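The chain contents come next:
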Amino acid sequence: MQAFATLFEQLDQTTATNEKVRIMTEFFGRQDPDTSAWVLFFLSGQRPKQIVGSTKLRRWAQEKVGYPDWLMEESYAAVGDTAELIALVLAAGENAVKPAPLSRLSLGEWMVQRILPLAGMDDEVRRSHILEWWEELDTHETFILNKLLTGSLRVGVSETLVYRAVAAVCSLSSSVIASRLVGNWQPSAEFFLRLGAPAEETQDGQRADETLLPLPFCLAAPIEGDPEELGDISDWQCEWKWDGIRCQVVKAGSRMEIWSRGEERITGSFPDLSRLLSSVSGDWVIDGEIVAGDWHRPGSFQALQRRLNRKRPSLALIASSPVSFLAYDLLQADGRSWRHHPLSERRAMLERKLNPSIGERLGISPLLVLSSWEQARLLRETSRSEGAEGLMLKAKDSEYVTGRKRGVWFKWKIDPLAIDAVLTAAQPGTGRRASLYTDYTFSVWAGESLITVAKAYSGLTDEEIRELDGWIRKHTRERFGPVRTVEASRVFEIGFEGISRSDRHKSGFALRFPRILRERTDKRVEDADRVGTLETLLASLDSPTGPAVRARARAESSPEQEKLQFDLGHGEGLHE
Amino acid sequence: MSDLIRLQPEGLVGPGNRFHIDAWGQAAVNLITHAHGDHARTGSAEYWCAEPCAPILRHRLGPDVRIRPVPYRKPVRLDDCWISFHPAGHILGSAQIRVEQGSRVWIVTGDYKRNADPTCELFEPVPCDTMITEATFGLPIYRWASTRSVTERIVEWWQRCREEGVTALLFCYALGKAQRILAELTHFTEDEVLLHGAVASLTQIYREQGVSMVPTRLVSDAEGPTEGRLILAPPSAHRSPWMKRFRSVSTAFASGWMAVRGIRRRRGYHRGFVLSDHADWKGLLDTVEESRATRLLVTHGSSDTLARYLRDVKGMKAEALTTHFGEGED
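The listed protein sequences correspond, in order, to chains A and B.
Counted from 1, the first sequence has number 82 at position 82 by my numbering; the numbering is strictly sequential.
For any residue, its number in my numbering is found by taking its place in the second sequence, counting from 1, and adding 576.
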């Protein structure tokens, strides 16, 4: 446990990928195979089911220290993470004692002998065990234990980095390691030793080993200025810009993996798509997007996130939140690389490969036939009602390049909807933004009073956040736990993707993806928008299949979920 | 009976407006708890402070300012009040200010910590009826580890930087924290540490007062490459053009705020060392108890939280006081 806690801390302290690989390589080189197997289990993003809910765990800690609710709330606002809050509160109490005999159990022993057996026990027994363990561990180890118990341990390394580290220790290639880690596996010393066994020479094994990793993604740059600068529109392949999860599907023989843009393996979250894509014949690498619902008219990104957040979705969830795959590009087919062929050839090849399998849940991103940039402009304006967030423009003669190279792929997103609203309240954020007022509440006028219309968490620079944090502290009017209401004097332009009616919101409207576009220092509070503006906006956008309907799904989710979804939606890697 | 010390727009003020304490506006007589910028401001006719604070205050406020140094614990008469300065353990020369009038005794703690610090006298509890206490870390999540164990981690990190051939750039407050680290390092090494200019001048003042620290030198006077060397610099230098002179660096920040992972990650330093010159939660509660004060006024940081805790949980008379003493410092 101690070794793992130290490893976690070291990985947490660096952002350099080479440094992360070095730390992991050193760790695996030093540890026994059993510990290595368990660490690998967690580093590669697997985790056992939640053993104890975080609310329950927090309550047990609270009972132990005897603090009132409000004090736990205030403390949570400063820490922004339940597992860490508990660890800190236990260590900082007036009667806290330093752990006496440190637990020397390894991570594997902790999991097998202690944590996993809790699942079958009743609450009273679980509680007494956990209270005992808390006394054995130091603050950082307690934090890790809490993360393990609540099933919320996340280590900041991508799977491919983990493979590189293990590969270095075993003197094997990353792809061999990756292929041996496919699917479900139980961490054990035997497993780790088998993982490091020399690569087999058999023809079959070799082929599968070499081909299951994704290739570097080609990324789109935003259009700046007029599209006319790109030249003749006939040189460009136009598609909708879909709002989903960009991914690569890699198939070799009977095996297949789906990789997100952040090079995380997401195969397990989409067994329905895996089955479907397995039916496409041959070995290949296809670039595409997972979208919500029917690919002819995709649903919102929120609907997708219900799926993405599950490592193993239930059949019920798959049925209630169906997804489709929209193919963009073909990178490899039957042992041959297509990346250096022009897009027009790749597209033709993609269609030939996929056409026989196309169906309700599997499609090829449709080409938009346009004869002028003016026509493109008009079409782009209709993106919202198509379930898209703009247009994609790809040079027909371009190769599939690595990264965001200018001049190859462009994204031409629609401008967000926007209103001017007044900052009326704030509360501290979580994680990286703990103890800093970064969760803002914005209001618009309804008669003579301001009513809440949206909460926004993003859009400001670090410097702007710091300035606003200081201002909020000095201009607080009232405090309700961690929430502070502030003087109504600052106006911000709030951008959003959709609007719908909602009974849950005071203003009667729910905004989708609200974020801060800029501060309107040129506007006085009186100049902020009125609730009537939203009414007008909604009326102008309303179509039965328009954004209003999709936005409703968001309005129905809980506030906590909303926030999680928002964070994920703008997280790295998953969502182009 | 009116309060002995009241809050005015220009700061805390004593009976008959005869003196202020750490005034942020102008004062005739300004009693200073310590020389940090948010407590010692320019504009007053005369400054009183604890003896070891005077040279630092002079350095901060300029040569023409009138300063009256008062030895620790020595009562001085000011009209019908007795004033005395008592060690607060925050930085060199830091003091709690005791004000006695008739049967009443008030304490203004200024900033303080309860951990030992080789650069200044240890905090001394002073009995009083009313205490105005700071609460920078007034949440039950802060508990400081021993300074020795933190210094050990700093030394390990420095050693690691040496092995990897990178410059170890440690950011910390230029007054107090930097010298405390330099003094703690004497337990581990005699190696020279390089200093940013802002740290160097204050370190010199500490040396002149006999504080024992590892050898130091200005970064600009360093001979040879800085790789493998430890450099102390103020937080304002982080990501400033000053940093461009170093080829490869590992950055770290020594502060009580580094206790929270989210803040550590947000600030963007490679490493965070939890080292504070303020009292932790237990330190605050112990101090309140040892003072035997029956009424508490709480300033700084989590003042509302600590005041409410003392009221609701400890059943004491306590309220928050809104001052201009810095939030976010340390």
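Be careful, since some hints might not be right.
Unchecked claim - What the simulated footprint calls covered on chain B by chain A, stretch by stretch (three residues with Cβ under 8 Å from a Cβ of chain A suffice, anywhere in the stretch; the number is not a length): (1) 685-692; (2) 706-718; (3) 834-847; (4) 866-872; (5) 884-893.
Quick caveat, the hints were computed from the structure, so don't treat them as lab data.
Keep in mind that this is a model prediction, so the values were computed, not measured.
Note that CB positions come from ideal geometry on N, CA and C, so glycine has one too.
Each hint tested on the structure:
Against chain A, the segment 685-692 of chain B contributes 0 residues with a C-beta closer than 8 Å to a partner C-beta. That does not satisfy the three-residue criterion, and the hint is violated. Three residues within the 8 Å Cβ limit are the bar, and the segment 706-718 of chain B against chain A gives 4, so the coverage statement holds. Only residues whose C-beta sits within less than 8 Å of a C-beta in chain A count toward coverage, and the segment 834-847 of chain B has 9 of them, enough to reach three; the restraint holds. Residues of the segment 866-872 of chain B lying with their CB closer than 8 Å to a CB of chain A number 0, which falls below the three-residue condition for coverage.
Coverage of the segment 884-893 of chain B by chain A holds [criterion: at least 3 residues with CB-CB distance below 8 Å; count 4].
The structure fails hints 1 and 4 (numbered hints given earlier, in ascending order).
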